[in-house]
Amino acid sequence: MSNAIDRPAARILVLDGEDRLLLFRFAYAEGALAGNVFWAPPGGGLEPGETYEAATCRELLEETGLRIAHPGPAVAQREVSFTMPDGQRVRSREFYFLVRAPGLMVSSAGWSDDERKTLVHHAWWTRDALASLAEQVWPEDIFVMLAEAGVWP
Numbered sequence: 039m040s041n042a043i044d045r046p047a048a049r050i051l052v053l054d055g056e057d058r059l060l061l062f063r064f065a066y067a068e069g070a071l072a073g074n075v076f077w078a079p080p081g082g083g084l085e086p087g088e089t090y091e092a093a094t095c096r097e098l099l100e101e102t103g104l105r106i107a108h109p110g111p112a113v114a115q116r117e118v119s120f121t122m123p124d125g126q127r128v129r130s131r132e133f134y135f136l137v138r139a140p141g142l143m144v145s146s147a148g149w150s151d152d153e154r155k156t157l158v159h160h161a162w163w164t165r166d167a168l169a170s171l172a173e174q175v176w177p178e179d180i181f182v183m184l185a186e187a188g189v190w191p
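Take 39 as the starting number for the sequence shown in the numbering used here and just add one per residue.
Source of the hints: derived by calculation from the structure; they are not laboratory data. All C-beta atoms in this analysis are idealised placements derived from N, C-alpha and C, irrespective of residue type, glycine included. Treat the hints with care, as some may be off.
Distance ranges between label pairs, derived from CB positions [stated by the list, open to error]:
1. ASP124 - PRO191: 35 to 41 Å
2. ASP151 - GLU186: 33 to 39 Å
3. ALA72 - ARG138: 22 to 28 Å
4. PRO111 - ALA67: 16 to 22 Å
5. GLU178 - GLU85: 22 to 28 Å
6. VAL182 - ARG138: 18 to 24 Å
7. PHE120 - PRO140: 27 to 33 Å
8. GLU88 - ALA67: 38 to 44 Å
9. VAL75 - ASP54: 20 to 26 Å
Listed below are the simulated SDA-like cross-link pairs for lysine to any residue, each with C-alpha atoms no more than 20 Å apart in a straight line [stated by the list, open to error]:
10. LYS155 - ARG131
11. LYS155 - PRO86
12. LYS155 - ASN41
13. LYS155 - GLN126
14. LYS155 - GLY55
15. LYS155 - ALA78
16. LYS155 - ALA112
17. LYS155 - GLU68
18. LYS155 - GLY87
19. LYS155 - GLY82
20. LYS155 - SER170
21. LYS155 - SER145
22. LYS155 - GLU88
23. LYS155 - TRP190
24. LYS155 - ALA70
25. LYS155 - PHE76
26. LYS155 - GLU91
27. LYS155 - GLN174
28. LYS155 - ALA72
29. LYS155 - VAL75
30. LYS155 - ALA42
31. LYS155 - LEU71
32. LYS155 - VAL144
33. LYS155 - ASP166
34. LYS155 - ASN74
35. LYS155 - MET122
36. LYS155 - LEU136
37. LYS155 - GLU100
38. LYS155 - ARG58
39. LYS155 - ASP124
40. LYS155 - GLN115
Whole structure, please, built from the sequences with the hints as guidance.
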């Protein structure tokens, strides 16, 4: 990825009161990712000068409507390379934060126009239901992350 740019990102593993995981279903109809469908947790790239913790709070508010003061420590991290919807290649250092949100009713009020086009559904997943899902889930090691965080054995 010689032409890739660095794009650090904060991702949020949101759990409800029954330890079900919130994931969004992304379905791209156009652009570099046209035809791609996958499930992923809320989160996104850091803004200039923003910390991972601040980005977590901002992304959580924008994508779910939940306002928190601080996400606590990161429970996982990874480095990954991928293509953005506009075709830009990126290298991303991602930090994952665990946020418990019993009773959360996801709000799309803070979604961008691009998110409104691609975030076609959200669902709360049990470990067993997610394990039987036929569609792609990102990150691929989400079960390991949750096990190491003491959530899903």
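Going through the hints against the structure:
{"no.": "1", "hint": "ASP124 - PRO191: 35 to 41 Å", "verdict": "39 Å, holds"}
{"no.": "2", "hint": "ASP151 - GLU186: 33 to 39 Å", "verdict": "36 Å, holds"}
{"no.": "3", "hint": "ALA72 - ARG138: 22 to 28 Å", "verdict": "36 Å, violated"}
{"no.": "4", "hint": "PRO111 - ALA67: 16 to 22 Å", "verdict": "38 Å, violated"}
{"no.": "5", "hint": "GLU178 - GLU85: 22 to 28 Å", "verdict": "27 Å, holds"}
{"no.": "6", "hint": "VAL182 - ARG138: 18 to 24 Å", "verdict": "19 Å, holds"}
{"no.": "7", "hint": "PHE120 - PRO140: 27 to 33 Å", "verdict": "32 Å, holds"}
{"no.": "8", "hint": "GLU88 - ALA67: 38 to 44 Å", "verdict": "30 Å, violated"}
{"no.": "9", "hint": "VAL75 - ASP54: 20 to 26 Å", "verdict": "24 Å, holds"}
{"no.": "10", "hint": "LYS155 - ARG131", "verdict": "26 Å, violated"}
{"no.": "11", "hint": "LYS155 - PRO86", "verdict": "25 Å, violated"}
{"no.": "12", "hint": "LYS155 - ASN41", "verdict": "27 Å, violated"}
{"no.": "13", "hint": "LYS155 - GLN126", "verdict": "18 Å, holds"}
{"no.": "14", "hint": "LYS155 - GLY55", "verdict": "29 Å, violated"}
{"no.": "15", "hint": "LYS155 - ALA78", "verdict": "15 Å, holds"}
{"no.": "16", "hint": "LYS155 - ALA112", "verdict": "29 Å, violated"}
{"no.": "17", "hint": "LYS155 - GLU68", "verdict": "10 Å, holds"}
{"no.": "18", "hint": "LYS155 - GLY87", "verdict": "28 Å, violated"}
{"no.": "19", "hint": "LYS155 - GLY82", "verdict": "16 Å, holds"}
{"no.": "20", "hint": "LYS155 - SER170", "verdict": "26 Å, violated"}
{"no.": "21", "hint": "LYS155 - SER145", "verdict": "15 Å, holds"}
{"no.": "22", "hint": "LYS155 - GLU88", "verdict": "26 Å, violated"}
{"no.": "23", "hint": "LYS155 - TRP190", "verdict": "32 Å, violated"}
{"no.": "24", "hint": "LYS155 - ALA70", "verdict": "14 Å, holds"}
{"no.": "25", "hint": "LYS155 - PHE76", "verdict": "14 Å, holds"}
{"no.": "26", "hint": "LYS155 - GLU91", "verdict": "27 Å, violated"}
{"no.": "27", "hint": "LYS155 - GLN174", "verdict": "19 Å, holds"}
{"no.": "28", "hint": "LYS155 - ALA72", "verdict": "12 Å, holds"}
{"no.": "29", "hint": "LYS155 - VAL75", "verdict": "13 Å, holds"}
{"no.": "30", "hint": "LYS155 - ALA42", "verdict": "25 Å, violated"}
{"no.": "31", "hint": "LYS155 - LEU71", "verdict": "13 Å, holds"}
{"no.": "32", "hint": "LYS155 - VAL144", "verdict": "17 Å, holds"}
{"no.": "33", "hint": "LYS155 - ASP166", "verdict": "29 Å, violated"}
{"no.": "34", "hint": "LYS155 - ASN74", "verdict": "13 Å, holds"}
{"no.": "35", "hint": "LYS155 - MET122", "verdict": "15 Å, holds"}
{"no.": "36", "hint": "LYS155 - LEU136", "verdict": "26 Å, violated"}
{"no.": "37", "hint": "LYS155 - GLU100", "verdict": "15 Å, holds"}
{"no.": "38", "hint": "LYS155 - ARG58", "verdict": "25 Å, violated"}
{"no.": "39", "hint": "LYS155 - ASP124", "verdict": "13 Å, holds"}
{"no.": "40", "hint": "LYS155 - GLN115", "verdict": "28 Å, violated"}
Checked against the numbered hints above, the structure breaks hints 3, 4, 8, 10, 11, 12, 14, 16, 18, 20, 22, 23, 26, 30, 33, 36, 38 and 40 and satisfies the rest.
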